[in-house]
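All chains should be modelled from the sequences, with the hints used to inform the complete structure.
Heads up: the sequence lines are chains A and B, in that order.
At position 51 of the first sequence (counting the first as 1) the number is 51 in the numbering used here, and the numbers step up by one without a gap.
Numbers in the numbering used here are just positions in the second sequence, counted from 1, shifted up by 284.
DSSO-like, lysine-lysine: derived pairs with alpha carbons at most 27 Å apart:
1) B:Lys370 <-> A:Lys162
2) A:Lys162 <-> A:Lys173
3) A:Lys171 <-> B:Lys412
4) A:Lys162 <-> B:Lys412
5) A:Lys173 <-> B:Lys412
It should be emphasised that the hints constitute simulated quantities derived from the structure, not laboratory data.
The chain contents come next:
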Amino acid sequence: MPASVAGPSQPRQEVGHVTFRPYSPGDETGITAVLHGAHAAGWQGAADHWLWKHARRPGFKPEEITVAYVDGDMAGCFHTATLPIRLEDGLEVPICIEGDFAVLPEYRGEGLPLPAHDLSSERLLAAGVILRGGFTSLELNDRFYHRQFGYIFAPTVSADFKKILGLGPLKEKVAELTERLLTPRARRALAGERLLVDLTIEQFPPAHLEITQDAIVLNAGSAPAAAAPLALRVPYPLLVSLRDGGAAFGRALLGYGLTGRFRIRGLWANAGRLSRIFLRWAKP
Amino acid sequence: MLAERMRTFRDGDEAALVELWNRAFAGYGGYVPRTVVHWRWCILQRPGQSREDVLIVERESQVLGYGVLGPNGKVLELAVDPPLSKPERSRLVGAICEALEGRARARGDEAIAFMVPSTDPVICRALKDRGYREEAGDFLNMTIVNPVALIRRILEHRRDRFPPGWTPTFHLSLAPGHYRFSPYPEIAVAIGNPPVVEGQAPARADYRIRTDLSVLTDLIFNRVTLAGATGSGALVVEPASGLEQVRTLMDLVALKLPWYSPYADAR
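Right, here's the structure in full:
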């Protein structure tokens with residue numbers, strides 16, 4: 001008789017000093033605490049999100065969630081959902097889609113996920129499930145899931161496209177760029193200077209860059225007019241092209257410059273400052 | 285040409301959206317087929333989700349496309365009627381994107397993300413033209429729990445593709461490969477109507493296939509060819525003269541549709 005996760009009315013299944021049992025109503029608080037405790041960036045939702053995602057899903061069964069205890073304390077939780085998956089026209093099979101696997105940091109390294117996975121495989125086989133899978137990165141799959149359990153990616157055409165809409169992510173990108181751009185030579189060129197650049201990015205709220213030898217910071221709002229800032233008008237695709245390297249950025253800059261979508265103003269008012277910066281930068 | 289209009293979700297739209305989704309992605313595998321019950325749970329009942337987040341383009345009450353903005357700026361679903369011409373699809377995708385971006389800005393989302401099929405040049409071009417950039421994402425990985433049931437389901441589904449009069453029997457001997465859980469080390473396959481697939485060694489078989497479950501998974505999901513598996517020694521056919529019969533079997537069980545999984549399916 002193979003090992004299995006205990007049913008709601010069955011005794012707990014012991015694996016070493018670890019105990020596994022299926023979810024029962026009332027576990028929500030403990031489970032969401034484990035999820036929050038296990039994810040450094042915070043789990044995506046609160047109790048209502050958990051209830052929607054799991055207990056209120058059409059077809060939900062309590063045994064689709066396994067709770068792990070170590071010496072009587074809830075240490076981990078493993079969530080699955082059995083759904084149909086399309087393989088081709090007219091062919092759908094049951095797949096167990098996994099997610100929200102969490103082990104509290106203090107219980108990591110005790111091998112909880114492996115017996116939890118093994119026990120659930122027996123349960124899934126008995127329940128008529130044919131495939132199991134989950135959403136993960138190529139790197140994590142190669143490093144862990146494939147080696148431990150044989151997981152693969154079916155030839156996928158899913159492509160993830162992203163676009164920044166607000167200043168928050170842009171501030172992070174600027175902060176990331178600071179280390180790359182502020183080389184010792186650039187810091188020397190900027191010594192004692194404070195360069196303000198008003199940015200008008202299509203569909204973004206106004207912002208300005210503050211450039212010193214210590215940092216490049218993106219701030220919301222326009223720079224004070226009294227500071228006579230440089231002013232840049234930048235199409236969003238030009239920003240995106242920065243990530244494709246200098247040559248791609250240069251081509252995009254030329255193209256947008258010729259069509260007038262990229263513009264610089266305030267060069268004359270800042271000529272003295274820019275000349276000083278350039279001369280210090282060019283100095284051997 | 286009659287004018288199209290963009291509107292938000294209304295009760296009763298579910299069936300048309302589900303029908304459009306399943307039709308738009310008929311050429312793909314790897315997603316949860318939409319039903320009204322599943323869609324209501326997955327989209328409408330998601331915490332924080334509003335009917336204003338479901339944007340529909342219609343012409344004369346016919347739904348031509350829709351998009352659903354989910355939490356954190358992730359577009360849970362985007363579908364456009366496949367029979368439309370390329371310029372029409374491109375225009376509609378652009379209009380839905382613009383509406384979704386507007387909705388995301390109104391909600392205070394600072395980024396927006398789409399998971400779309402890379403094989404749809406109209407959608408990809410429309411996104412790139414609007415300044416979107418392709419990034420590494422999370423995709424659906426997969427392992428086989430029950431290879432016997434999988435092979436049986438595929439062969440039953442494709443029995444009209446069997447060569448006429450083709451009735452060989454096969455004995456698969458499977459080492460675990462990378463699998464920790466491999467419940468059927470021996471599988472018997474008898475081609476017939478219906479095909480019989482059992483999780484035990486047959487009393488006798490015309491052909492023996494020795495391999496492991498990882499290689500079989502790669503063959504079924506079209507990640508390796510039989511020639512590649514036999515050439516590397518990862519799969520052996522006995523007697524060797526049965527290679528063509530095994531090739532026919534593997535062609536019949538290989539799943540060839542590309543997989544596409546939208547954000548709505550991510551757990």
